[in-house]
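Undergrad: If you're matching them up, the sequences are chains A and B in order. For my numbering, count along the first sequence from 1 and bump the result up by 1. For my numbering, count along the second sequence from 1 and bump the result up by 1.
Watch out, some of these pointers could steer you wrong.
For chains that are exact copies, the list does not tell them apart, and a pair is met inside one copy or across any two.
[Unchecked claim] Here are the simulated DSSO-like cross-link-like pairs (lysine-lysine), alpha carbons at most 30 Å apart as the crow flies:
id	residue 1	residue 2
1	Lys167	Lys9
2	Lys9	Lys360
3	Lys159	Lys113
4	Lys159	Lys62
5	Lys361	Lys17
6	Lys77	Lys62
7	Lys166	Lys360
8	Lys228	Lys102
By construction, these hints were calculated from the structure, which means they are not laboratory data.
Protein chains: 2
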Amino acid sequence: MDSAAVMKDITDRAKKAAVVLNVMSSDEKNRALLAMAEALDAARSAIKEANAVDLAGAEEKGKSGAYLDRLKLDDKRIDGMRAMLREVAALDDPVGDVLEKRERPNGLIIEKVRTPIGVMGIIYESRPNVTADCVSLCLKSGNAVILRGGSDAINSNKAIYEALKKGAASEGLARGAFILIEDTSRELVEAMLKAAGDIDLIMPRGGESLIREVVEKSTVPVIKHYKGICHVYVDAGADLDMAEAICYNAKVQRPGVCNAMETMLVHESVAEKFLPRVAGALRGAGVRMKGCPATRRILGIDIEEAADEDYATEWLDLVLNIRVVASLEEAIGHIARFGSRHSDAIVTGDPEAAAEFTKKVDSAAVYVNASTRFTDGREFGKGAEIGISTDKLHARGPMGLEELCTYKYVVRGSGQIRE
Amino acid sequence: MDSAAVMKDITDRAKKAAVVLNVMSSDEKNRALLAMAEALDAARSAIKEANAVDLAGAEEKGKSGAYLDRLKLDDKRIDGMRAMLREVAALDDPVGDVLEKRERPNGLIIEKVRTPIGVMGIIYESRPNVTADCVSLCLKSGNAVILRGGSDAINSNKAIYEALKKGAASEGLARGAFILIEDTSRELVEAMLKAAGDIDLIMPRGGESLIREVVEKSTVPVIKHYKGICHVYVDAGADLDMAEAICYNAKVQRPGVCNAMETMLVHESVAEKFLPRVAGALRGAGVRMKGCPATRRILGIDIEEAADEDYATEWLDLVLNIRVVASLEEAIGHIARFGSRHSDAIVTGDPEAAAEFTKKVDSAAVYVNASTRFTDGREFGKGAEIGISTDKLHARGPMGLEELCTYKYVVRGSGQIRE
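Looking at chain A on its own, in the form it has when it is part of the complex (with noise of 0.2 Å):
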């Protein structure tokens, strides 16, 4: 069989579970959800040796620290996966919530009902815990997923899905509810990207570079992110110990994540003040700084001077770039030029700036006043999150089991027709 064929043996199989799990009942899928978590643990030591032929492999083909360590399956990130389930567990269930509800002139009631989208396709590096994580909130809101991940972690991956399979068939869970993708081939996820029609929604996990590839070849929609240049800015009434508290919460208390500021931004009336004060606390983090020409003026030139390209960085570490600005507007513009729309913070005393911030940046989340860190699906009150869209469409931010479903109108009257 060619590639398309076997994608559309995969997309049949993950169509017809759609059909079943778009009808189950929440009872239904968290006993299936906790069966799988039980699974996962009867099934710890096969998945370690699993784990450990990939990480063998990797290591082979000479990875780096970082990357062996996310391919990494411990006791305890087993534990997180069979955690993870139990809390989509216990999670409202989102399918038929009723979003609206009118009755027109005419007597129709118009309900906007809350739906599963229906068969998903998850795009992902060598990150096994992904599968079990995706698994679990396509399940509950009602979706098949089609899972492929990195072929550095197939072994994994296999052990982690046969396990899931295993705790999912004793509760009767539909097969082709999740599918792993086992052939990890070029050509079949070209196939799963042309997939338009039977696949509904793309989601790549990973990298850019793998990010823009997907969104290049894809005909299925693709929701992404990717990456976080996140901003604070501190405005010229800001209170100064605020300031400080929050810059250094964005950018030192976890450096590696999306939500992590890169840029301060420092209005000119406050950076004499500010800019000392915020170094010194940031230096004994072990923040490496990159400054503006003021910055370094005010901070001393043993600090790197910032280019263009340093504030289109994600840096994912403990890198700052620093900018004095000369007003909120130029604060809202540096975010606009280099930002990536993700969250984006300013700390103020003043309500019309705080406004004036709010309503211009346009980012899927702005802060006044608290750390960009808290972009967060749990943070945000949702639960569990699949990941965070700097998209615009359909969903925005985090991702949690509602943004997993679409909706459908039903519509009811007593013989009504059109005039």
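The hints should help you fit chain B onto chain A, whose structure is shown.
TA: For chain B alone, coordinates are given in the frame of chain A:
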């Protein structure tokens, strides 16, 4: 300049205007819309002259009568465009609506706020009234729009565009808020489809081949509507008077539109009684019927046999497929196989059958005891619509002003940092 550079110049202008549109008040937008309606009136003779040139050109190319009719602009159509502009001015402004608000345990207040999407692209065929309709809806929803209409309507489109620009300028609307692409070359439309990052959403309007080409080539997200293959299923216990009225209305009232019925499904237990009476009424209206073997047994073999390809055809005409089914399940299966996820109805007296149908039929609008013809922005209480989406992402069913918007999260704190 090559096409990509020309397009970049166009999208740069649109993006600049989008920044201004985003913060415009409802009053400012409404004043511009009303001035544009007046300007169309003033340009009436220029528009008709330009349209005469287009009509002569299309006639010379041997275009069909229906094509020429869609292209034609008379006083009534010009008044229709003006009415649309005024109607849209009177609609509520969706921008800034707070869709959700929650306070988190840490005191953060998270609001989900409706915002414009940004820069829209509309690709359409030779129906010049679409130009004014799309401009009005995009402007009111705070979006800039780039319009690429069919080459046969270019003179009409230019005349409308000039009039709209004049009206908009009299109210100081940002230049670039709406831009007609005057060069209708193939290269430029292809550059438009590759403008991901500069255009946020493309909506193709026209025949299926145009739409498929856009989906195939576009790296910009697309929302579309291929076709409407709508069904009415007459269930075992249906009120046959109601069923007849609904089926007649769904087929006959306006057969050339996407929410008209193309296939009627009838439960075998009522077929003997129902088919002869509904066929009489339909025949009286000039409907050509194609039937399954059971239908032909009941109605007589002068009715043509319906093949699978008939069930998959959007007739847009006084033609109807009829199929007798043994069960509700079979009706749902037929709709899943041949339908286009647009609008499908059940006529039934049985609440359980209604519940099963509305749950299992995966269409934008699912009706119980009402005509499919109600799938329309105005009938749904949304006011004017830009189209109907048969996609599942972002917007499904009629797309009004709200569906031309996205949202962002605005998070207000008092110095919160993440632990």
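Undergrad: Run every hint past the structure and note whether it holds.
TA: Here is how each hint holds up against the structure:
1. Lys167 <-> Lys9: Within one copy only: 24 Å inside a chain, 53 Å across chains, cut-off 30 Å.
2. Lys9 <-> Lys360: between (45 Å within a copy, 26 Å between copies)
3. Lys159 <-> Lys113: neither (39 Å within a copy, 39 Å between copies)
4. Lys159 <-> Lys62: within (20 Å within a copy, 61 Å between copies)
5. Lys361 <-> Lys17: between (45 Å within a copy, 12 Å between copies)
6. Lys77 <-> Lys62: within (26 Å within a copy, 72 Å between copies)
7. Lys166 <-> Lys360: between (47 Å within a copy, 27 Å between copies)
8. Lys228 <-> Lys102: between (37 Å within a copy, 26 Å between copies)
In this structure, the one hint that does not hold is number 3.
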